Amino acid sequence: MNGFAIALQSELFIARHTFSSKLIVLAPAVLAVLQILLEWITEAGGATRNNLLSNPTFDDLVNLNAYGHFVDGMKTGLTVLGLLLVAQAAYSFSYDRDTGMIRHILIRRASKPALIFAKLLQINLIGLISILLLIITTYVTSSLLWEFGAIVEDGFELISEEEILAEISTGLQLAIIPLPAAIAFGLLVSVIAQSATQAITTALGITLAIDIFKSMLGDYADYVYARFQPSLIDASYLQDVSRIVRGYSDVMLNESVLQLNLWMPIPTLIIFVGLTMIFIHKKSI
Amino acid sequence: MQTKSKELILSAKGLNKRYGSYEVLRDLNLELEKGSILGLVGLNGSGKTTILNCLLGLQTANSGVISLLNFGPQNLHQSKGKIVGIFDSPSLHPNLTLRENLEHASLLTATARTPQQVEKLLGIEKFAKFKLRKLSLGNKRRASIAHALLGNPDLIILDEPFNGLDAGGVDDVLALIKQLNETDGTSFLLSSHQLPYLENICSHIAILHHGKICLSDRIDNLLSSASSTIKLRTASPSSTSSLIDSHPNIQVLELDAQGYTTLSLTDMSSSELNRLFVESNVPVDELIVQRPSLKDLFQKITNERTE
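So the sequences go chain by chain: X and W. Take the first sequence: its position 201, counted from the start at 1, is 201 in our numbering, and no numbers get skipped. Take the second sequence: its position 56, counted from the start at 1, is 56 in our numbering, and no numbers get skipped.
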């Protein structure tokens, strides 16, 4: 087996036996389910009151449809997942260097680039598993509490189920595409930082700062991968999808922004990986 | 002159390393013969760990050529576990159990021994299910050694291997090093301040001072070349004094309050000294030959060079 395969095996072994990787897999799904349950509790009371008053609103009608809640759950889960993946990437290399265990793998079986690529792939795999679990749990929870279907008002179909599914699929795709770049950013910080604590605080601090200041960047924000991630101050396409699948027609789509969302994270990922390779080559372990 | 070719397992030539303007290593040369145990000694901050890190590719030397088993420091991983390092800190995952750490190490090397075997070898089998962070420093040190012994390394580089070990632990590690060296032909490079332990175990010694190896040879050559001293006590100190003063090959180093005289001999053996006193009718109560230790040699060299 070559160094990369050994390094990947090593990373997966650590992931299987440590808490942080389990947290990344489980936390987004748990939080999404929790949010859906809270929505259900809140909305059940309001809808009952309006039904008793024989005055159901359009919002009550929309809220009976599971798709909107599914998208909300996914947004919450992906927001948490994005932050956790950045933190995990920032932690991975720097913690191994703090404990000294990185020395064994570098001396015995893997080159520095092989180790970095193994870490990248391993964290991406954990992210992928987490997303799959998030989709399953969010879908199941939403379907238990509401019904999936088209949005129909007064016998008129505002949006068909096929259109909803297509929008959700696009929204999820565009929300997931920036995640590898986010992971690569965390890993870059991990290699540069002096310690694991410094790496995590720096990576999360910068990510949150971008979130806060992205509105001030105007159109330039479209060239920053993090602008397309679901986040605390959400400007991702999934935010728009949340309204589209509820039948609202006030969503303004900008095709060029969607194209940037689709392609910008890829060169960003390559730049981050390239910088990581340069820094790790120079860095003492 | 007959020269015996030696097979080198490690060689460093013209090694230089600077931290900013501070030169840690200056044109350093170091060799390790296959099957030998080399002790690297030096004062605090003399650059011992820097040498080991440069050898293992964890730090980059500013200049110089390094070869370990014909691998350069940046591609040691191609040796596939034939070279391993044991560091002054445990360097294992604190949140994995001891067994998990060893199973993880098994992935990194072609294992000659199972985790259970090395646990037993180091006497730590009862801690197999303990998280590493819960272990004492001594047991963490044993775990590090167990980690290194899973494969069948040709060269083991140890930085301060005796730190944190109790007397029994030190004996175990010394015995283990000796056993691996004799049975498997494993070569060792040990960096330590514990000179008596190194004297006990090493076949070769290299003394590092001011960034250079100022002395390097077989330990028996080094110690035999250093002159022994004689501690002498006689019934008649005045006769002793006049006898010594009259003999050009005897030099007094020290006179202590208990009546002992420490002497240095030139071209004269201790038995010849004894005969001299007996023939001169000066009865000898005690005559102790004091062979120089590695510590004496080290102190002498570092003091001389500092002066």
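Derived from the structure by calculation, the hints contain no laboratory data. Among these hints, one or two may not hold up.
[Stated by the list, open to error] Derived PhoX-like pairs: lysine-lysine, alpha-carbon spacing no greater than 25 Å straight-line:
1) Lys-80/W <-> Lys-283/X
2) Lys-178/W <-> Lys-295/W
3) Lys-134/W <-> Lys-80/W
4) Lys-6/W <-> Lys-82/W
5) Lys-34/W <-> Lys-13/W
6) Lys-300/W <-> Lys-282/X
7) Lys-178/W <-> Lys-131/W
8) Lys-34/W <-> Lys-178/W
9) Lys-282/X <-> Lys-13/W
10) Lys-283/X <-> Lys-13/W
11) Lys-300/W <-> Lys-231/W
12) Lys-22/X <-> Lys-231/W
13) Lys-231/W <-> Lys-134/W
14) Lys-212/W <-> Lys-13/W
15) Lys-22/X <-> Lys-134/W
16) Lys-120/W <-> Lys-178/W
17) Lys-6/W <-> Lys-34/W
18) Lys-82/W <-> Lys-134/W
19) Lys-120/W <-> Lys-13/W
20) Lys-22/X <-> Lys-131/W
21) Lys-120/W <-> Lys-134/W
[Said to hold, decoys possible] Derived Cβ-Cβ restraints for the label pairs, each shown as a range:
22) Thr-60/W <-> Phe-19/X: 46 to 52 Å
23) Leu-275/X <-> His-193/W: 39 to 45 Å
24) Ser-21/W <-> Leu-275/X: 48 to 54 Å
This structure is a prediction, so every number in the text was calculated from the model and none was measured. Heads up, the beta-carbon is just placed ideally off N, CA and C, and yes, glycines get one too.
We went through each hint and held it up to the structure:
no.	hint	in the structure
1	Lys-80/W <-> Lys-283/X	23 Å, holds
2	Lys-178/W <-> Lys-295/W	21 Å, holds
3	Lys-134/W <-> Lys-80/W	30 Å, violated
4	Lys-6/W <-> Lys-82/W	20 Å, holds
5	Lys-34/W <-> Lys-13/W	17 Å, holds
6	Lys-300/W <-> Lys-282/X	39 Å, violated
7	Lys-178/W <-> Lys-131/W	30 Å, violated
8	Lys-34/W <-> Lys-178/W	14 Å, holds
9	Lys-282/X <-> Lys-13/W	22 Å, holds
10	Lys-283/X <-> Lys-13/W	23 Å, holds
11	Lys-300/W <-> Lys-231/W	19 Å, holds
12	Lys-22/X <-> Lys-231/W	69 Å, violated
13	Lys-231/W <-> Lys-134/W	50 Å, violated
14	Lys-212/W <-> Lys-13/W	11 Å, holds
15	Lys-22/X <-> Lys-134/W	22 Å, holds
16	Lys-120/W <-> Lys-178/W	17 Å, holds
17	Lys-6/W <-> Lys-34/W	8 Å, holds
18	Lys-82/W <-> Lys-134/W	30 Å, violated
19	Lys-120/W <-> Lys-13/W	39 Å, violated
20	Lys-22/X <-> Lys-131/W	18 Å, holds
21	Lys-120/W <-> Lys-134/W	19 Å, holds
22	Thr-60/W <-> Phe-19/X: 46 to 52 Å	35 Å, violated
23	Leu-275/X <-> His-193/W: 39 to 45 Å	40 Å, holds
24	Ser-21/W <-> Leu-275/X: 48 to 54 Å	28 Å, violated
Violated hints, in rising order: 3, 6, 7, 12, 13, 18, 19, 22, 24; the structure is consistent with all others.
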